[in-house]
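*Asks:* Okay, here's what each chain looks like letter by letter:
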Amino acid sequence: MTEPVLSVENLTVTYTVGAGTFFAVSDVSLEIEPGRVVGIVGETGCGKSTLAKAIPRLLPEPPATIGSGSIVFRGTDLVGVSRRQLPMVRGTGIGMIFQEPLNSLNPAFRVFDQIAESIRIRHYREMGWLKSFQGGDQPFDYSKPPDTTTVAGSLAKVIVPSGAAEEAVHDRLATRSQFREEVLSYLRLVRINDPETILNLYPHELSGGMRQRIMIAMALSEKPALLIADEPTSALDVTIQAQVLTLMKELIDEVHAAILFISHDLGVIAETADEVGVMYAGRIVEYGPVAEVFRDPRHPYTKMLLRAAPAHYKEDGPLSTIPGSVPNLSRPPPGCRFHPRCALARAVCRGETPPLAPVDANAPADSRHIHRSACYFMGEVASLP
Amino acid sequence: MGRNPGDLVLFIGKRLLQLIPVLLGVIVLTFVCTHLKLVGLCNAVYPHASPEVINACNAKYGAPLLTQFVQYITTLFQGNWGASPLGTPVYPAIAADLPATIELVLAALFLMIVIGIPLGVIAAQYSGRWADHLVRIFYLSGWATPTYLGAVIAAVFIGPALGLPSGGEYSTVVPPFPQYTHMSVVDAIIALNFPYTIDALEHLILPASVLAFINMGIATRMTRASMLEVLPLDYVRSARMKGLGEFWVMYKHALRNALITTTTVLGVTAGGLLAGTVVVEEVFDWPGIGQYAYDAVGGGGSTANFDGAIAVVIIFAIGVVVANLIADIMYGVLDPRVEWR
Amino acid sequence: MRRTDHPVLVFWRVLRANPLTLFGFVLVTLICVVALIVVVAPHVLVPYGPTQETGPIYSPPSWAHPFGTDGLSFDVYSNVMLALPLDLGLGISVAGVSLLIGGALGLLAGFYDTAGKLGSALSVSVMRVTDIFLSFPSLILALAITRVLGISIVNVAIAIMITWWPYYVRLVRGEVLSVKHLPYVTAARAAGVTENRILLRHVLRNVTEPLIVYFTLDIGTVLVTYSTIAYIGVASKYPGPVPEWGSMMAYYQSSAPISSYPWLVLAPGAAVFVTVIAFSLLGDGLRDILDPRTRRAFVRSAAHEPPAESASLPVAAVGSSGADAGGDGRVGTPDPGGGA
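Protein chains in written order, with my numbering: chain D, 12 to 396; chain E, 18 to 358; chain V, 4 to 343.
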């Protein structure tokens with residue numbers, strides 16, 4: 012197995028608001044390897060968006076606090092990185108696509124300026140003109156030319172079609188026209204038909220789907236080692252959603268970055284992700300390869316979520332729902348957080364929190380990529396209606 | 018789609034046309050307000066004047082209102098703005114004083130922008146914390162300081178303490194170079210006289226600072242409010258995720274959008290700045306229109322100059338209208354979502 | 004819209020949210036109490052009369068003369084205290100009358116914007132006149148008007164009022180226009196509620212709060228304008244039976260070398276400053292809650308609502324605080340940005 016790009020260990024994020032504390036993310040562990048897509052799925056308010064923003068330390072602290080755990084990105088624990096060093100991790104290290112295409116582009120700047128800014132940041136770091144992140148035992152060094160054996164290098168492969176890597180870095184962005192060409196290449200990468208025109212437009216002159224493409228181009232233009240997509244299609248119309256999703260799927264194949272894909276839509280996750288984590292009330296309750304989890308769910312919540320998905324609703328008859336409501340995260344229920352709504356709940360579920368244990372009893376307990384479930388009665392889940 | 022520079026010319030032209038009714042209204046209003054009390058007007062205005070002056074005044078202001086207005090507006094456009102009781106014509110005096118006031122107001126505006134706006138950004142960045150409270154105390158102090166108090170403290174206590182002069186435009190009454198623009202710093206620069214440029218700046222800094230301090234509140238407050246509106250938006254997060262440092266995130270991405278609202282408010286402060294010049298110029302002996310206004314309304318017990326007062330009121334109103342026009346145009350230029358129509 | 008919070012409770016939460024607002028409130032209360040005492044029982048706080056000779060001239064601050072004495076041996080402290088009711092009263096009355104006149108006109112201009120031919124014609128003419136008035140720096144116009152009316156305290160007050168009401172027209176009209184098309188007002192109209200009832204019940208109630216805030220800030224602004232006119236010498240004269248802070252400063256500045264006797268100008272100056280900043284701290288703090296842009300920050304720090312970042316938190320997690328937020332939301336439902 013290759014070295015993971017990102018490895019999140021027992022991460023807990025809380026919000027302190029007034030006198031109350033909200034446990035938005037509790038004890039979450041994740042690992043993403045280069046070229047892999049990990050999906051996180053769950054209801055609104057399950058903490059998936061908080062998790063996505065906590066990884067690049069984008070949450071305002073306070074009110075958010077990273078209570079415990081570590082976020083190791085390429086060998087460096089981001090929890091310990093100082094506020095002043097954080098920008099060096101972002102962009103070229105971790106890129107992000109946001110949910111709202113309406114607001115995620117700055118309304119005051121033209122498309123060209125926004126993408127050019129990203130490219131300039133990456134270029135300056137590659138050239139060593141801007142300080143890059145130094146810290147941890149595996150420092151980033153953006154002054155090095157793209158190396159096709161690494162993640163960043165394989166990204167560069169898409170962008171720089173040929174030539175010696177060393178030469179490419181030094182000559183590629185020397186002139187204005189080369190710079191412009193670089194910006195255009197990213198617009199073409201996200202399948203924009205008329206990039207020369209789009210370049211000079213302001214975000215408000217573009218449609219939602221177009222803006223989201225620009226957003227994707229902007230994130231990719233920094234060649235991030237890890238790309239976090241936080242519900243990138245949720246705010247779009249259904250038809251546009253399909254287009255952007257198709258684009259994302261194509262790009263995933265072309266760009267061999269590690270991707271964390273957040274969505275509330277099981278269908279989207281099923282189409283894009285390699286592995287999926289199902290979140291409920293701040294915890295990952297089930298994790299594993301997408302096909303396996305969706306075919307044979309081993310947590311009652313996953314099972315009910317799949318049943319409630321509109322795609323599942325084929326025959327006449329009532330749309331299935333999950334009884335009860337999402338728990339109050341300032342006073343989460345003890346033990347398994349799903350037990351108040353669970354048909355399988357017994358006394359033991361109210362006691363200790365069930366660990367995320369392998370479904371296959373013979374599998375090694377420490378493996379991160381096999382099918383695991385946090386349910387004491389995972390064997391009985393299949394018997395549920 | 019898009020906006021081209023040709024549309025901008027049309028946009029500005031239309032805004033200029035919209036000025037005309039407002040300016041006409043200003044003149045009518047000035048006329049009505051200053052001719053409110055016709056009985057005994059001349060005695061009230063020139064209490065200590067000689068009978069000749071009173072008679073001349075009565076001849077001028079005794080006619081029916083409409084006749085007076087027609088007469089008033091024709092002379093106004095002829096450049097004959099009346100004269101002071103001592104016979105000094107109003108128009109040349111005001112024309113000579115105007116540049117100095119423009120210089121002072123622009124210097125104050127500059128200070129308001131370079132100090133007031135960053136303070137608003139800091140207050141928003143640390144909203145609810147001590148930096149925010151300090152900024153609030155600072156701008157409210159300016160707000161609560163009457164112009165005369167600020168000017169006197171600066172002229173009498175702060176100026177000497179810092180070794181700054183607190184009167185006039187230059188250390189000598191007449192500078193050794195021609196005054197083309199009647200703006201002290203600009204004239205010194207045109208004459209390439211470096212010592213005099215420094216001297217002029219030293220004379221400008223105190224009155225401009227007082228004006229800026231007193232009027233800073235609106236700019237700071239508005240910047241803070243717009244920044245608080247902008248900061249939680251996704252594009253600020255996008256900028257952070259690009260790997261930009263906090264400085265660029267704040268001052269390039271967030272402030273660029275927050276400024277759109279702040280600009281419109283800066284236009285509004287023109288009224289405060291111009292009104293402030295009346296006292297500030299008097300205290301600092303700045304040879305501008307504010308000092309002229311102070312004397313014209315009978316400030317400090319001097320003889321009132323009725324025609325001069327009306328002229329100043331009109332000039333200041335034009336100043337406010339033009340400032341708002343500029344703010345309006347700036348708004349259109351800064352916000353790409355505004356169509357130039 | 005049901006009130007879940009008593010207005011007094013909301014007001015208290017606003018004060019508690021920002022120590023400066025609370026400080027301003029305490030100071031305003033104190034100043035008003037002192038002004039009342041000076042009017043009702045002057046001897047409690049004011050040892051000397053306005054033009055009573057006390058013996059030493061230019062004596063520095065001491066226990067007998069907290070702000071010293073001036074060149075005519077008048078007690079500066081007594082004069083500063085005696086000026087308080089006048090300055091404060093002028094601020095409140097001029098702002099109050101402007102509020103009533105401007106508020107009424109603004110209400111009409113906003114509400115009958117599209118109603119009938121006569122109504123809209125009235126509305127348009129009110130707004131044109133307002134626009135023209137707003138083109139003048141009010142200080143300079145008030146100075147000119149005072150000059151015409153003749154120098155007296157009442158005339159200065161009238162002159163300021165003439166220049167002051169348009170600000171209220173603009174504020175109230177903006178508020179009314181923003182409230183007018185809110186869904187619940189449209190719903191009331193659709194339900195057959197008469198226009199007058201809508202005007203009184205819905206619009207007036209939503210306009211009241213921004214008006215109170217603006218009025219609080221305005222008292223200080225009027226006070227500064229009045230004392231500036233007095234300083235310029237176009238109002239009451241000092242020394243005289245009715246002392247006033249601005250004219251006191253002008254007199255001291257011209258009669259004595261103030262760098263030798265700084266207390267003479269600092270005492271009346273500080274009196275204006277303290278009075279105005281008290282109202283400003285209170286008004287500015289209150290305005291933070293009304294401004295939809297700054298309200299979010301307030302709600303975040305004071306109420307029990309999760310921050311914007313945690314928008315994904317389940318509603319149930321917020322618990323009872325949903326009602327709190329609703330209460331605050333009501334305070335600022337109309338968009339004051341439109342008017343202010």
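Rather than coming from a laboratory, the hints here were simulated on the basis of the structure. Source: prediction; values computed, not measured. Worth double-checking, as some hints may not be accurate.
[Stated by the list, open to error] Derived Cβ-Cβ restraints for the label pairs, each shown as a range:
no. : chain 1 : residue 1 : chain 2 : residue 2 : range
1   : V       : Val43     : D       : Gly78     : 56 to 66 Å
2   : E       : Phe264    : D       : Glu192    : 42 to 52 Å
3   : E       : Ile343    : D       : Glu207    : 29 to 39 Å
4   : D       : Asp248    : E       : Leu27     : 56 to 66 Å
5   : V       : Arg208    : E       : Pro38     : 27 to 37 Å
Note that the Cβ used here is the ideal one computed from N, Cα and C, for glycine as well.
*Asks:* Would you mind marking each hint as holding or not holding in the structure?
*Replies:* Consistency of the hints with the structure:
Restraint check, V:Val43 to D:Gly78: a C-beta distance of roughly 60 Å satisfies the suggested window 56 to 66 Å. The hint said 42 to 52 Å for the Cβ distance between E:Phe264 and D:Glu192, and at roughly 30 Å that hint is violated. Range check, E:Ile343 to D:Glu207: Cβ separation about 35 Å, and the 29 to 39 Å hint holds. Separation of D:Asp248 from E:Leu27 is about 36 Å and departs from the stated range, judged on CB atoms against 56 to 66 Å.
The beta-carbon spacing between V:Arg208 and E:Pro38, approximately 35 Å, falls within the hinted interval of 27 to 37 Å.
The structure fails to meet hints 2, 4 from the earlier list, while all remaining hints are met.
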